[in-house]
Amino acid sequence: MTEQEDKIKAEKKAWEEGALKKAMERFSFLQEPPARYYTPLDRSDFDFLEKVGFPGQYPFTAGTYPFDPMAGLSRLAAKAPQSSGLTRAAMYSGYGTPEDTRDYYRQNIERGVRQGPNLAMDLPTQCGYDSDNELIEGEVGKVGVAIDTLRDLEVIYEPYQGDLNLDNIASNFTVNASAIYLIAMYVALAEKRGIPIDRLRATPQNDILKEYIARGTYIFPPGPAMRLFRDTLVFITRHMPRMNITSMGGYHIREAGATRVQDLAFSLSIATAYIQAGVDAGQDVDAFAPRFTFNAFGGSMEVLKEIAFQRAARRMYARLLKERFGAKDPRSMIIRQPICAHIGPSSTTKQRPLNNVIRATIGAMAGAMSGGPPAAFPPYDEPLGLGWSREAQQLAQDTGRILACEARILDVVDPFAGSYYMEAQTDEIEAAAQAEMDKIDGMGGIVAAIEKGYVQRAVSRSAYKYQRAISNGDIQIVGVNCFIGENELEVQTNRLVPHPYDPERRARAEERQIANLKEVKRMRDQKEVRRLLGKLEQKAKDERENLLPLMIECAKAYVTLQEVCDVLRGVFGEYEPPSIF
Amino acid sequence: MEQRIRVLIGKPGLDGHDRGAKVIAYMLRDAGFEVIYTGLRQTPEAIVKAALQEDVQVVGLSILSGAHLGLVRSVADKLKEGGGDDVVLFVGGVIPEEDFPALKEMGVAEIFTSGTEIGQVVESIKRHVKIRRGEGGAG
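Protein chains in written order, with this note's numbering: chain A, 1043 to 1623; chain B, 16 to 154.
No wet-lab data here; the hints were simulated from the structure.
C-beta: ideal position from N, C-alpha, C; glycine also.
One or more hints might be untrue.
What the hints assert, rightly or not - EDC-like cross-link-like pairs, simulated, lysine to aspartate or glutamate; straight-line CA separation at most 20 Å:
1. A/1507 x B/112
2. A/1392 x B/125
3. A/1507 x B/132
4. A/1234 x A/1570
5. B/64 x A/1179
6. B/95 x B/120
7. A/1494 x A/1478
8. A/1392 x B/132
9. B/93 x A/1176
10. B/93 x B/125
11. A/1392 x B/113
12. A/1049 x A/1084
13. A/1392 x B/49
14. A/1054 x A/1092
15. B/93 x A/1179
16. A/1392 x B/112
17. A/1560 x A/1174
18. A/1234 x A/1200
Stated by the list, open to error - Quick list of the computed label-pair ranges, beta carbon to beta carbon:
19. A/1061 x B/47: 41 to 51 Å
20. A/1047 x B/139: 52 to 62 Å
21. A/1432 x B/130: 44 to 54 Å
22. B/111 x A/1240: 37 to 47 Å
23. B/100 x A/1346: 52 to 62 Å
24. A/1378 x B/100: 47 to 57 Å
25. B/47 x A/1050: 28 to 38 Å
26. A/1046 x B/47: 53 to 63 Å
Based on the sequences and whatever the hints tell you, model everything.
This is how it looks when you write it as C-alpha cells:
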C-alpha cells in the first residue's frame, strides 16, 4: 500500500468514526449508512489501459465507438434538419394482414420515411402455425402481421421499389424459432426480384435460446433449434455478407424477472453457444462474429448500476471473443446494439402513467452516460396495454433530442471513466456475472442448463423475490407502493391521436388472412409442395445438411410456414418446458 | 380446519410472457393454496379439462397478447358446459380497462393488471371462493 493510500485509510477511519457516525445518530432505525462514499481504496489495483482504455478500442469498456454517432449528428439539428439523423428509424410495427401492414408502410413512405420495415409478426407466425389452424383462432394478426407464405412477404414489400428496393433498405424481423424460414422467404423474394442476395441487409432476431428463458416462442427442443441456428449462420456467412445473423437480447430475460447479474451471465452464455456453433461448423470466428448484433440488454431504474452493467458487458464480450475464441478483428469483439442503459418496460407503472416520462428520461440520461444514445424507452403509455400513441412516441423522441442538443449530454464519452465508484461497480458486476457464467459452463453450457430447467427456474425465482420485495416495501415504486395517500393527485392523461390501424380492418383481419391463405393453397403446384416437404424431411434427419437452401425452394413454391414446421416437428419433436415448482 | 383452495393457473393461447403467471403461482402456493400451473400454449379445452379433472375451485388465466376477449370467453363457456360454473375465474395481464365490462359479463370475478399488490390477489380469491361456497362474506 502506498503512503498516499495509508493516509486516505487513516482519514477514512476518522471520517467514519466522526462525521459519518454523527450523521447516523439522527437515523436510529438504520443498521448501516444509507449511502456509500467511494475512495481510491476501492480501486487500488486499477490499471486504466487494461480495464478501460479508449472508446472504440479494446476492451471497449468506455464505448463501442470513439463517440456515439448521434453526438455528431446532433450538431446539425438546427442547421440541416433533414440530415440531423435525430428521427428514429422505422418503429417495430406490423398489423393484421400483409395488406394492412403494406398500407401502413406505404403511408410512412409517403410521409418521408426511408427506412425498411421493422416487422412485428403475430404469435402464430413466431410459433410456426398457419392462420387457418383452428387451434390458434383469435391470434391471427394480433401483436404483429400474419405471414404464412412468400405471398405475404411479397405483399408487405410492395411499396419498397426503386430506390427503396431490397438492396437499398435494411429490414428487421422479430422472429426466432421459425427465423430460418423467414430468412429463406426474404432470400426468395430478392431472387424473384432479381436482386443478388449478397446485397441484402436485414437483421433477423434469430435468438432462439432466450425464448426458452423468456418470451416463450419456442417450437423445437434446444438441440435441434441450435442446428437451425447453425444453418442460418453458415448460409449467411457464406452468401450474405451484409446481413446480420442474430440480434441477441438480454432485455427479454431481465423483463422475465432475471437480476442484473443473471441477465448479463445468461446473455453472454447464449452468445458463447452461438459463437461455438459457428466455430464447430468450421467457420472462422472473424468471418461471422462481426455479423452478430444485440437487441439490448435489460434495464432498470437503478441507473448507476445500469451504467456499470453496460461497461462490464462490453469488456466481458470483448474478452470472450479475443481470449476464448481467438478473434483478431476488433469488429468481432464489439457489442453492436441500438441502445445502451435504459429503464425496462417493467419499470413503468400503470398508476399515474405520466411519471413514466420521467422514468424514461432518467433511463435516457443513463443511456448517454453508458456509451449509447439518449434513448427514452419505452414511451410512457407502454403499461396501458393500448399500443404506443403517437403523442407518447413524440415525447420519447423529443427527450433524446433535448438531452443531445440542449443538455449536450453526449459531449463527453464515458463521463464516469476512472470514477472510484463506477470502476468498482463495473468490476463487481463483471465478477458476479463471470461466476454465474462459469457455473453454467460447469453444467455443460447454456443449452444443457436450459434443458435441465436451471435457467428458467432461476429467472422465475428472481421474479418472485422481486415481487415480494415490492410487497414488503424493500423495493419502492412511486404511486404503486408508496406516496399513494389521498392527498396525491392521480395525474391522468389523454391520448388524442388515433391509432393508425382502422378498428374495422383489425376486426376482420383473421378472416381476410385465412382467405388469402386459401387462395395461395389453391393456386400453387401441390405435387411440387409434397415433393419438397418429403425432401425436407430427409434432409432434416441428417444433421450435417444445411436446410436453408432447400427452404428457399420451399418458399418459392409457396409452402406454408406451418407445413415446413410440421415436418421439422415430426423429425425434431417439440419442446416440453420443465415444471416451475 | 379450513379446506385448502385448489387453483389452476393457465396460459391460454400462444402468448409466452409468463412472469406474472409464475409469480402468481408461487405466491398462491406460499399462501397455502394448492396450485396447478399449466405452462404455456394451452388451448381453452385443455385448461377446462384440467380444471375439471383436478376439481379446482379457482381458475386464473394470464394473457398479455391482446387476445384475451376470445380466449376468456372460450374458457368461460367451456367451464359452464362442463359443469364447472361454480369455479371462480380470474384474469391477469395486460388488459385495457375498456374491456373490463365485457370480461365481467363473461363471468370473470376479478381482473388483475400490472401494479396489483400480491396480498390483494390472495384476499380477493379467498373472498370469492367463500361467496361461491355460500359462506357469505358481503361484497
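Structure-based check of all given hints:
1. Between residue 1507 of chain A and residue 112 of chain B the alpha-carbon distance is near 28 Å, which puts this suggested pair outside the 20 Å criterion.
2. Straight-line distance between C-alpha atoms of residue 1392 of chain A and residue 125 of chain B comes to about 17 Å, which keeps the hinted pair within the 20 Å bound.
3. With a C-alpha separation of about 14 Å, the suggested pair residue 1507 of chain A and residue 132 of chain B falls inside the 20 Å cut-off, and the hint holds.
4. As the CA atoms of residue 1234 of chain A and residue 1570 of chain A are separated by approximately 18 Å, the hinted pair is consistent with the 20 Å bound.
5. For the hint pairing residue 64 of chain B with residue 1179 of chain A, the CA-to-CA distance comes to about 19 Å; that is within 20 Å, so the pair holds.
6. Between residue 95 of chain B and residue 120 of chain B, the direct Cα distance comes to roughly 14 Å. Compliance with the 20 Å bound is thereby established for this hinted pair.
7. Distance restraint check for residue 1494 of chain A and residue 1478 of chain A: the Cα-Cα separation of roughly 16 Å lies within the 20 Å cut-off, and the hinted pair is therefore satisfied.
8. Distance check on the hinted pair: residue 1392 of chain A and residue 132 of chain B sit about 13 Å apart at the alpha-carbon level, within 20 Å; holds.
9. Taking the CA atoms of residue 93 of chain B and residue 1176 of chain A, the gap is about 16 Å. The hint holds against a cut of 20 Å.
10. For the hint linking residue 93 of chain B to residue 125 of chain B, the alpha-carbon distance of about 19 Å falls within 20 Å, and the restraint holds.
11. Between residue 1392 of chain A and residue 113 of chain B the alpha-carbon distance is near 14 Å, which keeps this suggested pair within the 20 Å criterion.
12. Of the supplied pair hints, the one linking residue 1049 of chain A and residue 1084 of chain A holds, its CA atoms being roughly 14 Å apart against a limit of 20 Å.
13. For the given pair, residue 1392 of chain A sits about 30 Å from residue 49 of chain B by alpha-carbon distance, which is inconsistent with the 20 Å threshold.
14. With a C-alpha separation of about 28 Å, the suggested pair residue 1054 of chain A and residue 1092 of chain A falls outside the 20 Å cut-off, and the hint is violated.
15. Only pairs whose Cα atoms come within 20 Å are accepted, and residue 93 of chain B paired with residue 1179 of chain A is accepted, the gap being roughly 16 Å.
16. Distance restraint check for residue 1392 of chain A and residue 112 of chain B: the Cα-Cα separation of roughly 11 Å lies within the 20 Å cut-off, and the hinted pair is therefore satisfied.
17. Using a Cα cut-off of 20 Å, the hinted pair residue 1560 of chain A and residue 1174 of chain A holds, with the two alpha carbons roughly 8 Å apart.
18. The hinted pair formed by residue 1234 of chain A and residue 1200 of chain A meets the criterion: a straight-line CA distance of about 13 Å does not exceed 20 Å.
19. A hinted range of 41 to 51 Å for the beta carbons of residue 1061 of chain A and residue 47 of chain B is consistent with their spacing of about 49 Å.
20. The given range of 52 to 62 Å is respected by residue 1047 of chain A and residue 139 of chain B, whose C-beta atoms sit roughly 58 Å from each other.
21. For residue 1432 of chain A and residue 130 of chain B, the hinted distance range of 44 to 54 Å is not satisfied, since their beta carbons lie about 25 Å from each other.
22. Against the hinted window of 37 to 47 Å, the Cβ-Cβ separation of residue 111 of chain B and residue 1240 of chain A comes to about 46 Å, which satisfies the hint.
23. The hinted window of 52 to 62 Å between residue 100 of chain B and residue 1346 of chain A holds, with their beta carbons roughly 54 Å apart.
24. About 55 Å separates the C-beta atoms of residue 1378 of chain A and residue 100 of chain B, a value consistent with the hinted range of 47 to 57 Å.
25. Residue 47 of chain B and residue 1050 of chain A have their C-beta atoms about 54 Å apart, which leaves the hinted 28 to 38 Å range violated.
26. Look at residue 1046 of chain A against residue 47 of chain B: about 59 Å separates their beta carbons, and that is inside 53 to 63 Å.
Checked against the numbered hints above, the structure violates hints 1, 13, 14, 21 and 25; every other hint is satisfied.
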